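Each chain, written out:
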Amino acid sequence: MPPAPINYAASPESLVVGLARSGNSDAFAELVRRRQSSIRNLMRRLCGDITLADDLSQQVFVHAWQKMAQLQKTDRFGPWLKRLAINIWLQHLRKNDALRDAAELKETAKATHDVSGVAMDLERALATLSPTARLCIVLSYHEGMVHQEIAAATGLPAGTVKSHIRRSTLHLRQILSAYSQLQPEKPT
Amino acid sequence: MTDDRDPHLQALFADGQKVLGAEAFSGQVMRQVARLQFRTMAKRIGLALALICFAILMSAPLNDAILLFTQTLNTPVISLNNSMPSQLVSSLNSVASLLGLVFLGLFLAFRRLFL
Chain F
1 MPPAPINYAA
11 SPESLVVGLA
21 RSGNSDAFAE
31 LVRRRQSSIR
41 NLMRRLCGDI
51 TLADDLSQQV
61 FVHAWQKMAQ
71 LQKTDRFGPW
81 LKRLAINIWL
91 QHLRKNDALR
101 DAAELKETAK
111 ATHDVSGVAM
121 DLERALATLS
131 PTARLCIVLS
141 YHEGMVHQEI
151 AAATGLPAGT
161 VKSHIRRSTL
171 HLRQILSAYS
181 QLQPEKPT
Chain W
1 MTDDRDPHLQ
11 ALFADGQKVL
21 GAEAFSGQVM
31 RQVARLQFRT
41 MAKRIGLALA
51 LICFAILMSA
61 PLNDAILLFT
71 QTLNTPVISL
81 NNSMPSQLVS
91 SLNSVASLLG
101 LVFLGLFLAF
111 RRLFL
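Those protein sequence lines, which keep their order, are chains F and W. For the first sequence, the working numbering assigns the number 1 to the initial residue and increments by one for each residue that follows. For the second sequence, the working numbering assigns the number 1 to the initial residue and increments by one for each residue that follows.
Note that these hints are calculated values from the structure, not bench results. Model, not experiment: these values are computed from the prediction. Note that CB positions come from ideal geometry on N, CA and C, so glycine has one too. It is possible that part of the hints are untrue.
Stretch by stretch, here's where chain W covers chain F in the computed footprint (C-beta under 8 Å, at least three residues) [to be verified]:
(1) 139–146
(2) 159–173
Result set (DSS-like, lysine-lysine): computed pairs, CA atoms no more than 30 Å apart in a straight line [as the list claims (entries may be wrong)]:
(3) Lys-18/W to Lys-73/F
(4) Lys-18/W to Lys-82/F
(5) Lys-18/W to Lys-162/F
My request is simple: use the sequences and hints to build the entire structure.
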């Protein structure tokens, strides 16, 4: 009698990770299905471009497949994948001359400040930050990571992370104030 | 170090979270993974074939080289005419034992100087 097929969707993640680590591509496909939404959302927040975000997210999963053997603890797959995503984003920034991008973004920020009273959504507000500041703020607010974790994940000094988050929060609050005034009051 | 977050900003980030459809995306990822698996397999087969060809081509010269090397190791350093003492010290009176002594000396010197 042939063995019953494994129901990956109903299996605990540590088991699926273990199977994927041993080269089982069906198990890896299940991991992609489970984690794709969070990684794509993170990438969308980081780059603000849906197509690029999906391309980079694909790179994250392909890298994950190549490096699965390096994953020591199967229950740490989520944080490990997030770390991979951050590294892919940092590589992309380095490749595309982050300094040039930052200069362009500062110009965008200046332009948006000039248009007062225009409600901006979060995506456009995030686009006004420098790539490093954006990375820090997204990891803090989107991923709920603490400053030390962000410093460890990005390789930035903890003090720099803290100041990026503080300054970017003020900046975002300022440019989103028009948007928040337009938001209906939520019942308490 | 405090990690206080602005509640309004946090609410905006939470509202922006979307559940994205998995099928098309995971299909694309798995196609890339399949291509990668195919390429890895092709590389391994290519490497194995190259090794087999190398082994076939080099077997005769390698054999000769190994034979020459072992003969050289057995060559006596000092030629003794008398066969009896020559046989007694044959294991010490060879290039191999001389090389062994040289390596031992180097190892001891390295240990004394650096460790």
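Consistency of the hints with the structure:
Coverage of the stretch 139–146 of chain F by chain W holds in this model, with 4 residues showing a Cβ closer than 8 Å to a Cβ of that chain against a need of three. Only when three residues or more bring their CB closer than 8 Å to a CB of chain W does the claim for the stretch 159–173 of chain F stand; here the count is 4, and the claim holds. For the proposed pair Lys-18/W and Lys-73/F, the alpha carbon gap of about 28 Å is at most 30 Å, so the pair holds. For the suggested pair Lys-18/W and Lys-82/F, the alpha carbons sit about 17 Å apart, so the restraint of at most 30 Å is met.
Taking the CA atoms of Lys-18/W and Lys-162/F, the gap is about 27 Å. The hint holds against a cut of 30 Å.
The structure fails none of the hints (numbered hints given earlier).
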